[in-house]
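Work out the full structure, taking the sequences as your base and the hints as a guide.
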Amino acid sequence: MTCFGLLLISASPIQSALHAAGPQAARIERLWWLMFWVAVAVFVLVIAVLSGALGRSRQKSTNTPPPLLDTSAADRMATRVIGAAVAITVAILFVLLVDSVVAGKNETQSLVSKNPVSIQVVGYQWWWEITYPNTDASQTLVTANEIHIPVGVPVVINTAARDVIHSFWVPNLNGKRDLIPGYSTAFWIQADKPGVYRGQCAEFCGIQHAKMAFYLVAESNEDFQKWVQQQLQSAPEPDTDQKRRGREVFLSSQCVMCHTIRGTIAGSRLGPDLTHIASRTSLGAGTLPNNIGNLAAWIADPQGIKPGCRMPPNELPAGDQQALLAYLESLQ
Amino acid sequence: MSTETKFSVTVCVFLLLTTLTACEREDRRFREPAPSSGATSGLTVSGLHPADPTKGANQPPPEWVQNPYANNAYAVSEGQKLYNAYNCSGCHFHGGGGIGPPLMDNTWTYGSEPQNIYGDIVEGRPNGMPSFRGKIPDQQVWEIVSFVRSMSGQLSKDVAPGRSDEMQGGNPPSSTPREQTHGPEGVHPK
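For the record, the sequence lines run as chains A and B.
Per the numbering used here: the first sequence = residues 1 to 332.
Per the numbering used here: the second sequence = residues 1001 to 1190.
Some hints could be false.
Stated by the list, open to error - Between beta-carbon pairs, the in silico distance windows are:
1. 292/A / 1107/B: 44 to 54 Å
2. 34/A / 1014/B: 57 to 67 Å
3. 1024/B / 98/A: 52 to 62 Å
4. 1099/B / 317/A: 29 to 39 Å
5. 1010/B / 317/A: 33 to 43 Å
6. 1008/B / 36/A: 52 to 62 Å
7. 105/A / 1012/B: 55 to 65 Å
8. 1028/B / 244/A: 36 to 46 Å
9. 36/A / 1134/B: 52 to 62 Å
As the list claims (entries may be wrong) - Covered by chain A, according to a simulated footprint, are these stretches of chain B (three or more residues, beta-carbon under 8 Å):
10. 1006-1016
11. 1025-1031
Keep in mind the hints are simulated off the structure, nothing from the lab.
A virtual CB, placed ideally from N, CA and C, is assigned to each residue, including glycine.
In structure tokens:
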């Protein structure tokens, strides 16, 4: 058990419930350590009793079996020991139960803010649509698989799912929350330390559940506002012939059936919004680091990288492929 | 070998063979190229323009082109998903027809064989059906073809979708009897 605990502590800190970066995760972490140390104490106690029992010398064997209990004094002793063990077990479980209920209650109640950043997270097989809603439609930001939040500010996450049940989990910030089709919930997260945290779908949702991740970037408020303004813009006009050809390839091939690039006629919402694809950390919902080589591989053969995902293979002539890559790489 | 042993062996072999037949139904083929080359005449009949229907549209499809997904339940359910995703339901609704012709009856203007339906999607047809050539990958077209055929009971019951997410007037495709869609008057006008 101790080894297991050490393994968890040494895990990568961008996705670890034991490296809390916000108040809710801190509560969960405290509860985790309480349970851990109680379990260690119980373990040590059990091993000590077991060693004592093993160390006792064996009774000399006789033909008549020994009586089950020697004396009434021993009988009373056994009753006391068993009674005490039951009482201690119940007390320990009660303390842990009360503490987890309190932690759960605090987690949902303590962060209420009048003007929080509000984010809509929609789970799809197997990616995340991220929307920053605004009453002004032109200020509503849509992206995918990457969330940015300002540090030190409560953020409300509204959840939804379009196909099956998914679960939103950023271990460094909070516990899990299921995304259920046709049922919307809201909960809070807050990051006190800037950094990049990894989130993961935590409810089995089909063949590519394991490759359904996202990155959450906690940054200063100025950086966050800068990011929002940049993401709100339409895709930049291509400035070279190759990029123009790439846009033509995108708009005349099967890409346009599923993806949106704001500022062009591509407006389908079946797959992730690609308006600022080049600004993101990862491709394929946290599957690959975002660079031009991985993008080429992803476009050519997504079924080799993420078998069963909704994106079909795209066999493009080499020139067209290069042009398409140049265009997509320019979508900062 | 005793009679009982022989009997058990026969039963075991039979059960093993049963599992083999189930493989095709459940198989998920993600990277397979569909054998569509030559399935159409290469002619795009229409993005919304009436064209000469004697060219392409009414030519008999090459007999050797087979629908690779006729016995694959996974592909049919993918086809069902794509049917809605690509907005086929925008015109054909959920099989009952509206702007476009119904797909759950036994009337087929351009033929009910998989190759015919493949051609309808890829080439387009006069008076409204746009061409999806180059827009929908072949594998997905065949998945949609399989689902469209399931709506009129042309697939075997174990492959057809058991239910739909939409309101349905009749029975689900898996319980639509073939006789109902293939009446004595023949399959469809050619």
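Hints, verified against the model:
1. Between residue 292/A and residue 1107/B the CB atoms are about 51 Å apart, so this pair conforms to the stated range of 44 to 54 Å.
2. In this structure the hint that residue 34/A and residue 1014/B lie 57 to 67 Å apart at CB holds, the actual value being about 58 Å.
3. Taking the beta carbon of each, residue 1024/B and residue 98/A are about 56 Å apart, inside 52 to 62 Å as hinted.
4. Between residue 1099/B and residue 317/A the C-beta distance comes to about 36 Å, which sits within the given range of 29 to 39 Å.
5. Residue 1010/B and residue 317/A have their C-beta atoms about 56 Å apart, which leaves the hinted 33 to 43 Å range violated.
6. Restraint check, residue 1008/B to residue 36/A: a C-beta distance of roughly 54 Å satisfies the suggested window 52 to 62 Å.
7. With their beta carbons about 58 Å apart, residue 105/A and residue 1012/B fall inside the hinted range of 55 to 65 Å.
8. At roughly 39 Å, the beta carbons of residue 1028/B and residue 244/A sit within the given window of 36 to 46 Å.
9. In this structure, residue 36/A and residue 1134/B meet the distance hint of 52 to 62 Å, their C-beta atoms being roughly 58 Å apart.
10. Taking a C-beta to C-beta cut-off of 8 Å, the stretch 1006-1016 of chain B contributes 0 residues in contact with chain A, too few for the three needed, and the coverage statement is violated.
11. For the stretch 1025-1031 of chain B, the stated coverage by chain A is satisfied: 3 residues place a CB nearer than 8 Å to a CB of that chain, which reaches the threshold of 3.
Violated hints for the displayed structure, listed by number in ascending order: 5, 10.
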